[in-house]
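Trainee: Top line first, the protein sequences correspond to chains X and E. Under my numbering, residue 273 is the last one in the first sequence; the count climbs by one each step, no gaps. Under my numbering, residue 568 is the last one in the second sequence; the count climbs by one each step, no gaps.
Note that these hints are calculated values from the structure, not bench results. Hints are supplied without guarantee of correctness; some may be wrong.
Derived DSBU-like pairs: lysine-lysine, alpha-carbon spacing no greater than 35 angstroms straight-line [unchecked claim]: (1) E/367 / X/273; (2) E/337 / X/131; (3) E/294 / X/137; (4) E/247 / X/131; (5) E/247 / E/294; (6) X/273 / X/131.
Because the structure is a prediction, the values reported are computed rather than measured.
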Amino acid sequence: MLALPPAPQAPARRQVFVATSLAAAAGTTLLGGMLAMWLQFRADAPLRESAKRGMIKDWMPAKIVVPEVATNMMLIGLCVVCVMAQWAVYSAKRNDRTHAGLAFGLTALFGLMVVNAQVYTWTQMGVAVNGGAFHTMFYAITGTMMVLLVSGLVFTAVAAFRYLGGRTKELEVVSANALYWYFLTAAFTALWFVVYVQK
Amino acid sequence: MTSIDTHHAAGTSAAPPAVAAWITSADHKQVGRLYAGTGLVGLLGGLVLAVLVAFERIDAEGYQLLDANSVAQVLSAARLLLTFGAVAPLLLGIAVAVVPLQLGARSLALPRLAAGGYWMWLTGLGLAVASIIANGGPGGGSSDMVDLYVLGTIVMAGGLIMTATSVATSVLTSRAPGMGLLRAPMFSWSALVGSVTLILALPVFIGTSIYLYVDHKYARAAFGGNVGISDWAGWALSQPFTYLLAIPALGMVLDIVPVMGRTKLAQRSAANVAIGIVSVSVLATVTQSTVSLPWDGEKFFDNLGDKIADLLPWGLLTVVPLLGVLGVLGLSGLTLKNGKPRVAAPLVFAMHGLLTILLGVAANVLGSIDDAGLRGSIFEAGTYVAITFGTVTIAFGALCYWGPKLWGRRISDKAALPLGLLALLATALGSIPYMIAGFADQPAGALDGFSYEGPQELWNTLTTAGFALMLLTTLAFVALALKSFTSGEAAGDDPWDGQTLEWATSSPPPADNFSDLVVVGSATPLADLKSNTNGKDA
């Protein structure tokens, strides 16, 4: 009979963490590709006179105003989410269920705040989806970001229920949840700059 | 000592499962079989449509079989089915089924993700094909069906990403103790590289498609409506995206060749590099750019600074993948030269497929030189056919080779060998005449407004014959596989005298693949074990 040496105890496999890393890489090329196309369309737009900035690209219609407080708060909110998600990892590693639960709750709360701010931005900007190229692309890219944000909230809920439900040794999911929010924050930072700042 | 000789009599664990078990199963072998089986069906469908379009190109006297308005849609459907309905599922399916066995793992990492990916891919592909049938797809006349087509392709690509994530995660996390990444079998390595490139490239396709969907549904202001779909998302049905799908096929070749050559793979590290460098194609796909080289004839050296600026991206994105494929061919040849090759169906399919992929990649290098004047011509279709048919041919070889691990039975070599030769002939007929017709400025896609008489008629007739021959070869292979895998000869656990771990378990393997975890001491643990080196590096 063919035989190989017996295997030692299998090491931690961290499958969820690795898969989340790959998902973050996929999300990066998803939003990166969309932002690249956005920039290409913006670069191809004709010039127009702006009262404040002189000649600018005629990409975002002049009558549309970005509610910058809301969009800036989204960015700040996501940074806070990262801190909260990392706090959950820190607490979970120390088997501190109370603080881990609190951190999960705050992660979800600030995540919801970001979602709420995005909806507010949509309503305040008053962009009609059938208004033109900027309009459809604006909803496509911010809508995609919204889907990623909502999936982050679902991920947080799953991680929280698993951990608080008693699977306190499975820290991998908690870490993966934090990693996903780091990715979302980085992705939104790029989107925020291109779509809401650079316009 | 821990045994890895987990023998299970062939057929005992292969009782026909109920439909519900098929649908809900997360067993990687089951998911792999589903992918591969559906991929073969998709291949037949794509080939039928390809024959129809090719036939229309023979005669300049109007359309014989198709309606003038539907030709663009049939062409799109053929490419969609061949690329995403055949090549992608065949290769991913074999990877899902075989990679965990090669790694010595009890299951695929995140198996439900892979299974969910299969059903998502199938749903998306079904929606896309159904929408084309209902007058949707690129250039389609029904607005709702065009929307449905774009939505279907998004869902389809999402499913493939899910499965690719599962495969890549398996290779990264589920290798047997002692099996470093560079000790992983070549197919597993190529499955990792191929999966990661898909994970990076397909989201760009999805992002583009989201733009297309929103714009087409609500405004049609930015992307040219239904006609613009091919312009913006057509890169996923062409080169160099097809290279990414071919990467796992290169690993299949490098696993099959040493076993058939009864020796070890020559220059293993170089093989890792050769497969790896083909993945630079992902840079061209994620940037959605086709890099061309303005040659400028005698003025080539006049402005050397600008020329170097042209040569660098062209060399990186177009020539480097060719070097990778050449490397795989060279290492295969060297390995066979060092060994005592046996002429078996897997080897014939593998080498023929590799040669045709090389033809396609080399032709693409030529097509990317501006001065050749091939851009926008049917030449591109020739390179597509060479790479796609070559990849499919290797997949046939892989099914012959790993079939015992999937079904417990093997395909008769005597019956399969002629099909390997036919596949080579079909690919040559299907691709080379199109390449020649490209030099005569036959346009890509268009069937109207071009004189197909004279030599063009000959080239298009030969291509049609090539597609028809590939269709017949595929039909014969499917029939042979069905017969062999249901009532053929029981394969035994190690029918090829294999070198890697998948041959250490029974055929087909039990639900959890291996009864015990094992320690691996080299890249060919089973071969070492057979030669009593007890798993240590030679």
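Trainee: Are the hints correct? Go through all of them and say.
Mentor: Status of each hint after checking the structure:
{"no.": "1", "hint": "E/367 / X/273", "in the structure": "62 angstroms, violated"}
{"no.": "2", "hint": "E/337 / X/131", "in the structure": "32 angstroms, holds"}
{"no.": "3", "hint": "E/294 / X/137", "in the structure": "70 angstroms, violated"}
{"no.": "4", "hint": "E/247 / X/131", "in the structure": "26 angstroms, holds"}
{"no.": "5", "hint": "E/247 / E/294", "in the structure": "56 angstroms, violated"}
{"no.": "6", "hint": "X/273 / X/131", "in the structure": "9 angstroms, holds"}
Going through the hint list in order, the structure does not satisfy hints 1, 3 and 5.
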